[in-house]
Amino acid sequence: MFTLLSVILFAGCEREYVFREGNETLSFSTDTVAFDTIFTSVGSTTQNLRVYNPVQEDMMIEAIELAGGDNSDFLMNVNGTAGSMVYDVPLRGNDSLFVFVEVNINPTSENAPFVVTDSLLVYTRTRIYTIQLMAYGQNVIPLRKETLKTTTFTKDKPYLIYDWVVVDSAETLTIEPGAKLHFHKDASLLVFGSLQVKGTLEEPVTFTSDRLDEWYEDKTGQWGYIQLMPDSKDHIIENATIRNSTMGLVVDSVGYKPDAKPLYLRNVVIEHVASQGLIAQHSAIEASNSVFGNCGSASVALTLGGSYNFYHCTIANYFTFNYRSTPALLISNYFVDANDMEQFFSLDAANFYNCIISGRNSNEVKFDFQSDEDMKLDELINVSFDHSLVQIDEDQQENYSAFFDEGVLFNEHPGFVDVIKYDYQLDSLSVARDAGSVNIAKEFPEDAMGASRIDDEAPDMGAFERIDEF
1 MFTLLSVILF AGCEREYVFR EGNETLSFST DTVAFDTIFT SVGSTTQNLR
51 VYNPVQEDMM IEAIELAGGD NSDFLMNVNG TAGSMVYDVP LRGNDSLFVF
101 VEVNINPTSE NAPFVVTDSL LVYTRTRIYT IQLMAYGQNV IPLRKETLKT
151 TTFTKDKPYL IYDWVVVDSA ETLTIEPGAK LHFHKDASLL VFGSLQVKGT
201 LEEPVTFTSD RLDEWYEDKT GQWGYIQLMP DSKDHIIENA TIRNSTMGLV
251 VDSVGYKPDA KPLYLRNVVI EHVASQGLIA QHSAIEASNS VFGNCGSASV
301 ALTLGGSYNF YHCTIANYFT FNYRSTPALL ISNYFVDAND MEQFFSLDAA
351 NFYNCIISGR NSNEVKFDFQ SDEDMKLDEL INVSFDHSLV QIDEDQQENY
401 SAFFDEGVLF NEHPGFVDVI KYDYQLDSLS VARDAGSVNI AKEFPEDAMG
451 ASRIDDEAPD MGAFERIDEF
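With my numbering, letter number 456 in the sequence shown gets 456, and the count goes up by one each step, no holes.
To be clear, the hints were calculated from the coordinates, so they are not data collected in a lab.
Do not take every clue at face value.
[What the hints assert, rightly or not] Quick list of in silico lysine-lysine cross-link-like pairs, DSS-like style, CA-CA up to 27 Å:
(1) LYS180 to LYS155
(2) LYS233 to LYS180
(3) LYS219 to LYS198
(4) LYS149 to LYS180
(5) LYS219 to LYS366
(6) LYS257 to LYS198
(7) LYS149 to LYS233
(8) LYS257 to LYS376
(9) LYS185 to LYS145
(10) LYS198 to LYS149
(11) LYS145 to LYS155
(12) LYS442 to LYS198
(13) LYS421 to LYS366
(14) LYS149 to LYS219
(15) LYS198 to LYS185
(16) LYS219 to LYS155
(17) LYS145 to LYS157
(18) LYS180 to LYS421
(19) LYS185 to LYS219
(20) LYS149 to LYS185
(21) LYS180 to LYS219
(22) LYS145 to LYS219
(23) LYS233 to LYS145
(24) LYS421 to LYS219
(25) LYS233 to LYS261
(26) LYS442 to LYS261
(27) LYS185 to LYS155
(28) LYS257 to LYS149
(29) LYS157 to LYS219
(30) LYS198 to LYS155
(31) LYS198 to LYS180
[To be verified] Quick list of simulated restraints, FRET-style, between CB atoms:
(32) ARG144 to SER169: 30 to 36 Å
(33) ASP434 to SER41: 50 to 56 Å
(34) SER169 to ALA82: 47 to 53 Å
(35) PHE335 to ALA112: 44 to 50 Å
(36) ALA170 to ILE141: 20 to 26 Å
(37) ASN71 to LYS261: 54 to 60 Å
(38) SER41 to GLU398: 55 to 61 Å
(39) PHE98 to THR320: 27 to 33 Å
(40) ARG360 to PHE335: 25 to 31 Å
What you are looking at is a predicted structure, and each value in this text was computed from that prediction instead of being measured.
Glycine included, every Cβ here is placed at the ideal spot set by N, Cα and C.
Input sequences plus hints: build the corresponding full structure.
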C-alpha cells in the first residue's frame, strides 16, 4: 500500500514540459560526426552527438532526420528511438540529449578508401540545424575458415580474416609489400606450409585487428595470433608489423631439423600483445633489426631448447595495462609432462649481439634451465650476450656469468626517446650509442629504418642507429 502510494505521489510530482515560443536556439557538441576508416559490410563503432538546450525553458524538437533517408549508409538512434527520422523530441531547459550514429557501408569496386557523407537535420519551429556526417569506406577481401593453396596477397585491398585462415602443408602464402591483414576478434593465421612476408621499408606489411579507431591503436588482445606449425618450413618475415593480438608470433618446432632453414625475422615489429610477443619452442630463428615491445607477458620467450640468434634487436617491455610478472626475455629448456616428469631439450644457441633487453621491471631476463643426472647443464645450454645492454638481477648475473661476453652493459637505462609513445629510438645521451660491435654491424650495416650503422665512430646497440642532425 505504502509503495503504491509512493509511486502515485512521485508520478504526480513529476514536472510537466512547458514549451517556449519564439526563437529556439540549440547548440551541439560538434558540427561534424566523423568516423575512421570503415570496412565495407562491417558495422562501425558508435559515435554520439550531444544536443543542448542552453536556456531555462523546455522545448520540443519537431524532428531529427537523416538527410539521406532510408537509403543512407548511416544509422541514427535518438533517446532509444531508431530510424531515419524521429519526430517530437522533448528537451528540457538547461538539459541535453544524445543522438547515436553508426555507419554500415556497402561494397563498391574501388580499391582505395572512399568518402561517404550525409547530414543530420534537426528541425525546430523556427530553424533547421545541419550536422555533417562523414566516414571513409574501404573495400576488403573477406576470408573465413579458408584453407589456402599457394597464393599471393597484394596491397590492392586489405584482407579481413574471420575465425581462421590455414596455409596448407606444401603450399606457400606470399605477402607482397604494402599488404594489410586485419583480423576479427579471435581470428588467427595458421601456417602448415611456408610463409613469405616480403615487406619493404617504404611499404611494410601489417598484421593487426579490424578495429581502426584511433583508441584501439595500442590495445592488446583484439585478435588471435600467427602460428608456424611443426614441420612447416622456409619462412621469411621482413619489414612487417604484428600488433594488437593475444599472442604475436608462435613458432613451434620450425627450422631445427638438419639442413632446415631457420625462420628469418628482418625488420619486424611485434608490439601491443596481450601475452607473449614472440614465443618459440624447439625452433631455429635468426632475427635482426627487430623490435619486440609492449607485451602483457614476455616480449620474447625461447622455450624447449632450439637455436636462436638475435642481431641488433630491441626487446623492450614497458607494458602498462596491467601488472606484468614475466620478464621481457625468458629462456628455458624444459617442460613438465602429464606424468609430472621433466622433459629436457638442448639449447644449442641463444645469442644476442648488439641488442637491448630492457623494461619497466627491475629484472627483465629470466633463465629457467634443468638437466638430468647424466648430462651437465653446461652441456645442454649455450647462451651468449655480446655488446648488449641487459637489465638483469645480480643473482642471475652472478650465477650465469659465463653467458656475458665482451661489451655488456648491465642495468643501464637505455635512453629511449619516449617509451610512453613506444618510440625505442635512442636519445642523444643514450649509453647504448656507439657501444655495439663493429664486426656485427658490418653484417647488418643498415638499421631498422635504413640508416647506416657504419658511417660514424661505432654502431649503436638495438634496432635503431642514432643519427644526429646538425
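Hints and how they fare:
| no. | hint | verdict |
| --- | --- | --- |
| 1 | LYS180 to LYS155 | holds, 7 Å |
| 2 | LYS233 to LYS180 | holds, 23 Å |
| 3 | LYS219 to LYS198 | holds, 26 Å |
| 4 | LYS149 to LYS180 | holds, 19 Å |
| 5 | LYS219 to LYS366 | holds, 26 Å |
| 6 | LYS257 to LYS198 | holds, 24 Å |
| 7 | LYS149 to LYS233 | holds, 15 Å |
| 8 | LYS257 to LYS376 | holds, 23 Å |
| 9 | LYS185 to LYS145 | holds, 14 Å |
| 10 | LYS198 to LYS149 | holds, 18 Å |
| 11 | LYS145 to LYS155 | holds, 21 Å |
| 12 | LYS442 to LYS198 | holds, 23 Å |
| 13 | LYS421 to LYS366 | holds, 26 Å |
| 14 | LYS149 to LYS219 | violated, 32 Å |
| 15 | LYS198 to LYS185 | holds, 25 Å |
| 16 | LYS219 to LYS155 | holds, 24 Å |
| 17 | LYS145 to LYS157 | holds, 19 Å |
| 18 | LYS180 to LYS421 | holds, 23 Å |
| 19 | LYS185 to LYS219 | holds, 13 Å |
| 20 | LYS149 to LYS185 | holds, 24 Å |
| 21 | LYS180 to LYS219 | holds, 18 Å |
| 22 | LYS145 to LYS219 | holds, 25 Å |
| 23 | LYS233 to LYS145 | holds, 22 Å |
| 24 | LYS421 to LYS219 | holds, 13 Å |
| 25 | LYS233 to LYS261 | holds, 7 Å |
| 26 | LYS442 to LYS261 | holds, 22 Å |
| 27 | LYS185 to LYS155 | holds, 22 Å |
| 28 | LYS257 to LYS149 | holds, 24 Å |
| 29 | LYS157 to LYS219 | holds, 24 Å |
| 30 | LYS198 to LYS155 | holds, 11 Å |
| 31 | LYS198 to LYS180 | holds, 12 Å |
| 32 | ARG144 to SER169: 30 to 36 Å | violated, 21 Å |
| 33 | ASP434 to SER41: 50 to 56 Å | holds, 53 Å |
| 34 | SER169 to ALA82: 47 to 53 Å | holds, 49 Å |
| 35 | PHE335 to ALA112: 44 to 50 Å | holds, 49 Å |
| 36 | ALA170 to ILE141: 20 to 26 Å | holds, 24 Å |
| 37 | ASN71 to LYS261: 54 to 60 Å | holds, 55 Å |
| 38 | SER41 to GLU398: 55 to 61 Å | holds, 60 Å |
| 39 | PHE98 to THR320: 27 to 33 Å | holds, 31 Å |
| 40 | ARG360 to PHE335: 25 to 31 Å | holds, 28 Å |
Taken one by one, the earlier hints fail for this structure at numbers 14, 32, listed in ascending order.
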